[in-house]
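Here the protein sequences come in this chain order: A and B. Going by the working numbering, the letters in the first sequence line up with residues 342 to 645, in that order. Going by the working numbering, the letters in the second sequence line up with residues 342 to 645, in that order.
If you are wondering where the hints come from, they were derived from the structure by calculation, not from laboratory data. Don't take every hint at face value.
If several chains are the same, the list does not tell them apart, and a pair holds so long as it fits within one copy or across any two.
[What the hints assert, rightly or not] In silico BS3-like links for lysine-lysine, alpha-carbon gap of 25 Å or less:
#1 Lys558 with Lys632
#2 Lys364 with Lys419
#3 Lys600 with Lys540
#4 Lys472 with Lys413
#5 Lys546 with Lys558
#6 Lys529 with Lys361
#7 Lys558 with Lys540
#8 Lys644 with Lys558
#9 Lys546 with Lys406
#10 Lys616 with Lys533
#11 Lys396 with Lys546
#12 Lys644 with Lys364
#13 Lys632 with Lys600
#14 Lys600 with Lys558
#15 Lys483 with Lys644
#16 Lys426 with Lys529
#17 Lys546 with Lys600
#18 Lys600 with Lys644
#19 Lys529 with Lys616
#20 Lys396 with Lys529
#21 Lys644 with Lys632
#22 Lys644 with Lys405
#23 Lys406 with Lys644
#24 Lys364 with Lys406
#25 Lys483 with Lys419
#26 Lys632 with Lys529
#27 Lys616 with Lys406
#28 Lys616 with Lys558
The residues making up each chain are set out below.
Protein chains: 2
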Amino acid sequence: MSLLIVGTVAFDEVETPYGKTGKILGGAGTYIGLAASHLTDNISIVSVVGGDFPKEHLDLFREKKIDISGLKVVEDGKTFFWAGKYHQDMNTRDTLVTELNVLADFDPVVPAHARNSEYLLLGNLTPAIQKRVIEQMEPRPKLIVMDTMNFWMNTAWDDLMEVLTMIDVLTINDEEARQLSGEQSLVKAARKILTMGPKYLIVKKGEHGAMLFYEDKVFIAPAMPLEEVFDPTGAGDTFAGGLIGYIARRDDTSFDTLKTAIIYGSAMASFTVEKFGTDRLLEINSEEVSKRLASFAELVSFKF
Amino acid sequence: MSLLIVGTVAFDEVETPYGKTGKILGGAGTYIGLAASHLTDNISIVSVVGGDFPKEHLDLFREKKIDISGLKVVEDGKTFFWAGKYHQDMNTRDTLVTELNVLADFDPVVPAHARNSEYLLLGNLTPAIQKRVIEQMEPRPKLIVMDTMNFWMNTAWDDLMEVLTMIDVLTINDEEARQLSGEQSLVKAARKILTMGPKYLIVKKGEHGAMLFYEDKVFIAPAMPLEEVFDPTGAGDTFAGGLIGYIARRDDTSFDTLKTAIIYGSAMASFTVEKFGTDRLLEINSEEVSKRLASFAELVSFKF
């Protein structure tokens with residue numbers, strides 16, 4: 342099935358207790374695309390980079406058979422840059438640098454051949470931009486998954502409310518679910534958010550796993566217990582990539598498929614945190630993915 | 342199978358955002374016993390109360406067919422009393438009063454007929470007392486489950502280390518697992534704790550569920566997502582009661598049985614928090630328990 346991903350392609354510089362990277366390949370669109378490419382094909386990315394974005398990174402997407410004809414290169418601009426430092430416990434981080442650069446004027450244009458993509462994943466971006474992407478799709482995708490964050494709840498509430506009515510699946514973390522709904526209890530928060538537009542709500546709880554809400558049903562998946570989290574950057578986006586990759590492969594949008602998709606997303610995310618940046622995502626093969634999925638199933642299986 | 346529970350029987354006074362109780366029945370041994378009594382029979386409790394402990398509470402245990410011949414009544418003493426107030430988010434609480442009273446001189450004597458109990462649950466008590474209980478058992482129980490807390494890690498380290506070598510299952514929360522092991526990663530923490538004596542480690546994570554570690558294996562169960570947590574008091578002890586109750590009923594100590602026991606413990610705990618104190622635990626019937634267990638299974642089930 343065809344999958345369109347709209348999200349940042351960027352440079353990251355990351356410091357964790359294990360070390361420090363230079364400027365490396367990052368961005369939500371990158372992690373989503375690379376994760377999804379392990380599970381499905383016919384993937385396009387719409388994004389923007391500057392003239393400083395190296396050819397080897399562009400080639401990387403091509404190698405992974407990800408169509409980048411919608412990845413605009415602004416020759417006289419600079420690529421979006423983020424630098425951050427994780428604290429000892431890896432659960433919190435400080436943002437040291439955010440240079441929007443070419444992202445500041447990003448006006449996504451979906452290439453003609455990708456406008457009929459059957460599945461659409463909107464990475465965390467200005468709600469107005471997410472809306473402009475949806476409006477270019479014809480016919481409407483079978484499933485639209487959208488990520489967002491507290492920043493847009495604080496600065497673009499009305500736009501966010503509007504785009505929520507246009508999507509099918511919202512992914513946010515637990516604090517964002519509480520902020521978006523004004524409810525402390527996640528069950529109450531989910532019930533309220535499901536009246537705002539999305540059919541499905543996925544609440545990401547980091548090391549505590551993820552929850553899927555649909556109608557009055559709930560599904561909970563743990564995160565993979567890892568001996569060491571080396572670099573958490575991109576874990577949430579990798580989760581989203583594994584999720585949409587599995588859904589596109591199955592070409593089904595039922596609750597049952599979404600549940601399994603969450604397991605796939607969690608398994609893919611557990612790879613990303615094992616090394617810096619996209620390193621682990623780039624080296625794993627389908628055998629390792631299958632093995633991790635089996636471990637995951639083992640983790641929650643019991644008999645009555 | 343026969344089950345011996347050693348733990349506090351107490352008065353609690355609880356304030357939550359939903360209201361305030363007077364002096365009500367509480368204590369780890371109480372919650373453990375009442376929870377276990379839904380799943381198995383032949384239960385004895387060893388504990389101590391004062392002359393102020395009302396006959397109706399004693400009758401309650403008898404009604405539930407819990408043998409209280411090992412529940413010592415110190416006629417001229419007062420029952421252990423704890424008062425606490427929960428914060429708005431229910432995840433933290435302030436202890437307002439702790440009066441040890443008769444608990445200060447508690448020297449547990451296991452009645453002769455209960456010394457050969459096949460299963461032993463040691464609620465959170467001084468490690469030295471937990472040890473004295475184990476020493477009275479003849480033959481050694483098939484499984485000894487022990488709860489403890491950070492307080493004993495700070496004040497009775499050597500005794501705690503000794504009793505850890507005498508038990509099979511340790512239940513603690515995530516922060517306590519980190520403190521006990523000196524490891525930040527729960528996987529590393531668990532690996533270390535499993536070298537200290539216990540064969541199984543259960544890490545309780547409150548609203549984030551529980552993890553079971555055994556050899557190099559892990560099992561994770563979520564907590565039941567509830568619309569409202571009315572009063573969290575006793576949830577951890579109810580979990581332990583559901584756990585040991587199921588194990589005793591199955592009369593099996595394999596990893597598979599422990600996994601299912603965690604689901605039973607979690608399901609029982611989800612009842613306790615729905616009302617003040619032991620109210621909910623006292624009113625539920627076996628049909629409600631079965632229904633909750635089915636919901637629990639539903640919560641984590643998915644198809645590959």
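Quick check: which numbered hints come out false for this structure?
Violated: hints 9, 11, 12, 20, 22, 23, 25.
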